[in-house]
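Residue numbers (our numbering), protein chains in the order written: chain A, 4 to 586; chain B, 4 to 586.
Where hints are given, some of them may not hold.
Calculated lysine to aspartate or glutamate pairs in the DMTMM-like style (CA-CA distance at most 25 Å, straight line) [to be verified]:
| no. | chain 1 | residue 1 | chain 2 | residue 2 |
| --- | --- | --- | --- | --- |
| 1 | B | LYS460 | B | GLU513 |
| 2 | A | LYS200 | B | GLU202 |
| 3 | B | LYS325 | A | ASP234 |
| 4 | A | LYS135 | B | GLU290 |
| 5 | B | LYS422 | B | GLU298 |
| 6 | A | LYS555 | B | GLU513 |
| 7 | A | LYS192 | B | GLU164 |
| 8 | A | LYS516 | B | GLU580 |
| 9 | B | LYS457 | A | GLU557 |
Note that these hints are calculated values from the structure, not bench results.
Because the structure is a prediction, the values reported are computed rather than measured.
There are 2 protein chains.
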Amino acid sequence: MYLEKINGPADVKKMDIDSLNELASEMRDALLHRLSIHGGHFGPNFGMVEATIAMHYVFNSPIDQFVFDVSHQTYCHKMLPARQNSYLYKENFDDISGYSNPKESDHDFFEIGHTSTSVSLACGLAKARDVKGKNYNVVAVIGDGSLSGGEALEGLDFASELESNIIIIVNDNDMSIAENHGGLYQNLKLLRETNGKAECNLFKSMGLDYKFVADGNNIEEMISALKEVKDTTKPTVVHIVTEKGKGYALAEKNKEAWHWCMPFDPKTGKSTIDFGDAKDYGEITCEMLLDKMKEDKTLLTITSATPAVMGFTKDKRDLAGKQFVDVGIAEEHAVALASGIATGGGNAVYGVYSTFIQRTYDQISQDVCINNSPVTFLVFCASIYGMNDVTHLGIYDIPMLSNIPNLVYLAPTTLEDYKAMVDYATTQNEHPVAIRVPYDVFEAGKPQTKDFSKLNKYEVVSEGNDVAIIALGSFFGIGEKVKEMLADSNINATLINPYFITGTDDVLLESLKDNHKLVITIEDGVLDGGFGEKISRFYGNTNVNTINYGYKKEFLDRYNPEDILRENRITPEQIVEDIKNSL
Amino acid sequence: MYLEKINGPADVKKMDIDSLNELASEMRDALLHRLSIHGGHFGPNFGMVEATIAMHYVFNSPIDQFVFDVSHQTYCHKMLPARQNSYLYKENFDDISGYSNPKESDHDFFEIGHTSTSVSLACGLAKARDVKGKNYNVVAVIGDGSLSGGEALEGLDFASELESNIIIIVNDNDMSIAENHGGLYQNLKLLRETNGKAECNLFKSMGLDYKFVADGNNIEEMISALKEVKDTTKPTVVHIVTEKGKGYALAEKNKEAWHWCMPFDPKTGKSTIDFGDAKDYGEITCEMLLDKMKEDKTLLTITSATPAVMGFTKDKRDLAGKQFVDVGIAEEHAVALASGIATGGGNAVYGVYSTFIQRTYDQISQDVCINNSPVTFLVFCASIYGMNDVTHLGIYDIPMLSNIPNLVYLAPTTLEDYKAMVDYATTQNEHPVAIRVPYDVFEAGKPQTKDFSKLNKYEVVSEGNDVAIIALGSFFGIGEKVKEMLADSNINATLINPYFITGTDDVLLESLKDNHKLVITIEDGVLDGGFGEKISRFYGNTNVNTINYGYKKEFLDRYNPEDILRENRITPEQIVEDIKNSL
Numbered sequence: 004m005y006l007e008k009i010n011g012p013a014d015v016k017k018m019d020i021d022s023l024n025e026l027a028s029e030m031r032d033a034l035l036h037r038l039s040i041h042g043g044h045f046g047p048n049f050g051m052v053e054a055t056i057a058m059h060y061v062f063n064s065p066i067d068q069f070v071f072d073v074s075h076q077t078y079c080h081k082m083l084p085a086r087q088n089s090y091l092y093k094e095n096f097d098d099i100s101g102y103s104n105p106k107e108s109d110h111d112f113f114e115i116g117h118t119s120t121s122v123s124l125a126c127g128l129a130k131a132r133d134v135k136g137k138n139y140n141v142v143a144v145i146g147d148g149s150l151s152g153g154e155a156l157e158g159l160d161f162a163s164e165l166e167s168n169i170i171i172i173v174n175d176n177d178m179s180i181a182e183n184h185g186g187l188y189q190n191l192k193l194l195r196e197t198n199g200k201a202e203c204n205l206f207k208s209m210g211l212d213y214k215f216v217a218d219g220n221n222i223e224e225m226i227s228a229l230k231e232v233k234d235t236t237k238p239t240v241v242h243i244v245t246e247k248g249k250g251y252a253l254a255e256k257n258k259e260a261w262h263w264c265m266p267f268d269p270k271t272g273k274s275t276i277d278f279g280d281a282k283d284y285g286e287i288t289c290e291m292l293l294d295k296m297k298e299d300k301t302l303l304t305i306t307s308a309t310p311a312v313m314g315f316t317k318d319k320r321d322l323a324g325k326q327f328v329d330v331g332i333a334e335e336h337a338v339a340l341a342s343g344i345a346t347g348g349g350n351a352v353y354g355v356y357s358t359f360i361q362r363t364y365d366q367i368s369q370d371v372c373i374n375n376s377p378v379t380f381l382v383f384c385a386s387i388y389g390m391n392d393v394t395h396l397g398i399y400d401i402p403m404l405s406n407i408p409n410l411v412y413l414a415p416t417t418l419e420d421y422k423a424m425v426d427y428a429t430t431q432n433e434h435p436v437a438i439r440v441p442y443d444v445f446e447a448g449k450p451q452t453k454d455f456s457k458l459n460k461y462e463v464v465s466e467g468n469d470v471a472i473i474a475l476g477s478f479f480g481i482g483e484k485v486k487e488m489l490a491d492s493n494i495n496a497t498l499i500n501p502y503f504i505t506g507t508d509d510v511l512l513e514s515l516k517d518n519h520k521l522v523i524t525i526e527d528g529v530l531d532g533g534f535g536e537k538i539s540r541f542y543g544n545t546n547v548n549t550i551n552y553g554y555k556k557e558f559l560d561r562y563n564p565e566d567i568l569r570e571n572r573i574t575p576e577q578i579v580e581d582i583k584n585s586l
Numbered sequence: 004m005y006l007e008k009i010n011g012p013a014d015v016k017k018m019d020i021d022s023l024n025e026l027a028s029e030m031r032d033a034l035l036h037r038l039s040i041h042g043g044h045f046g047p048n049f050g051m052v053e054a055t056i057a058m059h060y061v062f063n064s065p066i067d068q069f070v071f072d073v074s075h076q077t078y079c080h081k082m083l084p085a086r087q088n089s090y091l092y093k094e095n096f097d098d099i100s101g102y103s104n105p106k107e108s109d110h111d112f113f114e115i116g117h118t119s120t121s122v123s124l125a126c127g128l129a130k131a132r133d134v135k136g137k138n139y140n141v142v143a144v145i146g147d148g149s150l151s152g153g154e155a156l157e158g159l160d161f162a163s164e165l166e167s168n169i170i171i172i173v174n175d176n177d178m179s180i181a182e183n184h185g186g187l188y189q190n191l192k193l194l195r196e197t198n199g200k201a202e203c204n205l206f207k208s209m210g211l212d213y214k215f216v217a218d219g220n221n222i223e224e225m226i227s228a229l230k231e232v233k234d235t236t237k238p239t240v241v242h243i244v245t246e247k248g249k250g251y252a253l254a255e256k257n258k259e260a261w262h263w264c265m266p267f268d269p270k271t272g273k274s275t276i277d278f279g280d281a282k283d284y285g286e287i288t289c290e291m292l293l294d295k296m297k298e299d300k301t302l303l304t305i306t307s308a309t310p311a312v313m314g315f316t317k318d319k320r321d322l323a324g325k326q327f328v329d330v331g332i333a334e335e336h337a338v339a340l341a342s343g344i345a346t347g348g349g350n351a352v353y354g355v356y357s358t359f360i361q362r363t364y365d366q367i368s369q370d371v372c373i374n375n376s377p378v379t380f381l382v383f384c385a386s387i388y389g390m391n392d393v394t395h396l397g398i399y400d401i402p403m404l405s406n407i408p409n410l411v412y413l414a415p416t417t418l419e420d421y422k423a424m425v426d427y428a429t430t431q432n433e434h435p436v437a438i439r440v441p442y443d444v445f446e447a448g449k450p451q452t453k454d455f456s457k458l459n460k461y462e463v464v465s466e467g468n469d470v471a472i473i474a475l476g477s478f479f480g481i482g483e484k485v486k487e488m489l490a491d492s493n494i495n496a497t498l499i500n501p502y503f504i505t506g507t508d509d510v511l512l513e514s515l516k517d518n519h520k521l522v523i524t525i526e527d528g529v530l531d532g533g534f535g536e537k538i539s540r541f542y543g544n545t546n547v548n549t550i551n552y553g554y555k556k557e558f559l560d561r562y563n564p565e566d567i568l569r570e571n572r573i574t575p576e577q578i579v580e581d582i583k584n585s586l
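Just chain A, with the same shape it has in the complex (with noise of 0.2 Å):
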């Protein structure tokens, strides 16, 4: 085995190009072996991985400088310089992120994990490197779906003016995620079929030069294209043509649902983790979704690259037709169009992960709220259940979208409460309206009736006195438990569900006062910025003492949930000692 004894770059510079195939060969089935067991990104590695090897033998990394968009194709790459272990045994699978880690390894300079910023911090490095006045290569890798994201373009159009080495390979397998939206697209197509020689052309119309390989999964072709460019002086894209989930059947096939997996059999492509049959968010947010876009055709339902997180699989975006909208990896294009759509008279439902909304705060702020306009905002994967990688944490959307005006801010904690607040935002015409939608599926069992229309006006659930709590969405029930276990005590908590993030209930949290020495709040969110901040500020001159409940502002990484919960002290257990300590 060839893999195996690769102490880094140079032993690959060493092999023949039937060694290199070998090895490729074995690459794939390292990742096969990982990801059947750990899940992570298929796609975007199985069709890296002769492009990498031939990286890393033109050219002489980490001197010469690779940037990985988005990073989750850098498998191959971790492979390479010495972390291979961790894709051949099962014991070092933790010792490494799905993302470049500069952590790990002098290869990787950034950690990244949001699409579309490779260029620009190759640019970075290639300014620095001229400014130091010395000579290596910075290579960019960027995939066609980030292409659309507005900051590559951004990096692309800059790109030129460097007047110096800085190589751009695109990876073009035709496919996003899910399938490419845009007219770029359009021209990448007309690139392959004339072999790159179509005179309009998106990169030279950026003023890049530009190298066409028809098969970027031919080790010989991508080494000696790759070559040709080393050291070049001039900003310089390579297109390459891959195929995505190259060497395993299943995932050539269905390149969408093959993107990403969970633990599965290799032989029948099968997930070996049983779901049972509970609907989570995403398939109940579709189905309420597709009804009502059956009643209001003016409803669009837009996502920017990631529909599964609505639900919307292929057949459910067929089913909805010109009502869903895929703009593509283009989050602040997706709130503009929201804007618009709702000023046009129609009805824009924008679904959205927690991390990536903050693509798009400015859009927000100006072309939605400024401009008052009902769009209605799905926030997904809001929580410290949430994706778990540093680059994709949920738990800083309150900060960054509870404090821009006009928007209104809602956290439902049960499904009741989800459908009231979509029916109330989407079918009403006075606000921007966001709902954080939770992470697991909880029924109250009974309609919630509650009218949102009249905002910032919070629920008590059960009135007590001496202590209140004021649980937030999801951890309502962290407030429940609370409540019951400070019963136990004798002592008679007031339990509100607030449902409001963007603005406290003045009127309910001032006649607090009268039989209230502390009131608590839990969110799960970060603290700094967050929603119990408020509160501690309107009872900042007051007899009323407060706890906020939250999480400390730091970027967590690979963590477990219940750690972070313990650390901020968040426990049923832990709360109750507090107030207890503090009565």
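Given chain A, put chain B in place with the hints provided.
Structure of chain B alone, referenced to chain A:
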């Protein structure tokens, strides 16, 4: 006079070409009249007179819908549908804003002030039209300078998928505020030089139909071109060439200086406002950075198309040479570029308006802060005394920036603070550091020797008891005044300058508990998610009361800062009254 008598676009449609040309001349007179007395955006409007007349002649506004990018070139559009008095008569100047505004007229659809959004917004209007089954034209007008913004490119890419009517007028005056930057401008040049015939065409590569108009300042030519594309069923770009500042010799000659103007003498072009000799933070920053760039050849100063905010006029940019980087309107790219520079061993300083830094939240969080890249951000006009249009507010940067982990956000009070902070930020390698540049230069008269590398250490300026005043940045002066006034009533307040926005000095705050009943905070920003709330959270479960002074969360527009201070009780008199009532 024609202009006075126009009651709407219908009247324009009745006119012959000679009259329209006469109207154009009257409109330039009206622009000159208003701008010389009131100030505003000069160059963009002088260049758009003929194109705007042609738009209203050919299309049927407001049935046909116009969206103007940035909307600082809508003055001519505003004149035609019945807002001309605000250009003709001084007493009506304040009836209108400097941007498009649906509150003023049915012919405006959005309040817009940030760039690169028009295509996306127009796509939304078109999409809404299509799902409603209606037929009318949707027209976006975007300047060439705005094309480098990622959102504009996202919009162009998406537009072709509409498969229905959208007309994008690209107003190419070969200028951003300053000169353009980026490879795509070579393509626009090529298209100008080939009369639009070059095969390599950015817009066609995005899948759009394309039409070229060589003289966009010729009404006949414009009318003829727009008639051809009217009612098109294909997404179409009309690339028109205009001259920025057309018709006013000084503005034609010095396009950058005349992008925007203060009141001036129309004969000489000289400003009628005497600013005296006092230096502002733009000039001060430019001098400091030029000195630093001489000493540190790896220091790169970055702007995203607003070099003047840092004092980098053309002559200063020439002095800085390759160490000054204008990325064009591309804030996301600017921030990722800065992270790349820092990671590559360079030293990056990005100067940006408070209102525009919000265009790059995700890059600050992901590319800079997760990677802890030691980038320096200089945040200008972050104050109630900054720009006062609703789209350009400078009071939201604290909630946006200060809740992102790893970022150190500093608030200087004096010139000496500012210089010491810039020195610190640009010579350390530990943290991303942002500095909130004050609006007024106030010299302490003694050097600032504080060691800012010891994070979150506030400074007790004078010790007292009962009440502590924590006054942030440029509002420290209000704190001083409050302390003085309290002294007159024999209240000896503690006065604290926190300097650090992003963290609490827990040791100091803890120590205040001993002999203080009340801690107040004063900040020049919105309260929600801001600095003061963190102090209130800290003291939530103690005997110390708190009051936070700052602004209510709302979108202000064309306000008087003193009114806002009074409404939010941030005058020294009001604060003293509150403190006395509280003690």
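Structure-based check of all given hints:
{"no.": "1", "hint": "LYS460/B with GLU513/B", "in the structure": "13 Å, holds"}
{"no.": "2", "hint": "LYS200/A with GLU202/B", "in the structure": "12 Å, holds"}
{"no.": "3", "hint": "LYS325/B with ASP234/A", "in the structure": "21 Å, holds"}
{"no.": "4", "hint": "LYS135/A with GLU290/B", "in the structure": "23 Å, holds"}
{"no.": "5", "hint": "LYS422/B with GLU298/B", "in the structure": "16 Å, holds"}
{"no.": "6", "hint": "LYS555/A with GLU513/B", "in the structure": "18 Å, holds"}
{"no.": "7", "hint": "LYS192/A with GLU164/B", "in the structure": "15 Å, holds"}
{"no.": "8", "hint": "LYS516/A with GLU580/B", "in the structure": "23 Å, holds"}
{"no.": "9", "hint": "LYS457/B with GLU557/A", "in the structure": "18 Å, holds"}
Violated hints for the displayed structure: none, as all numbered hints are satisfied.
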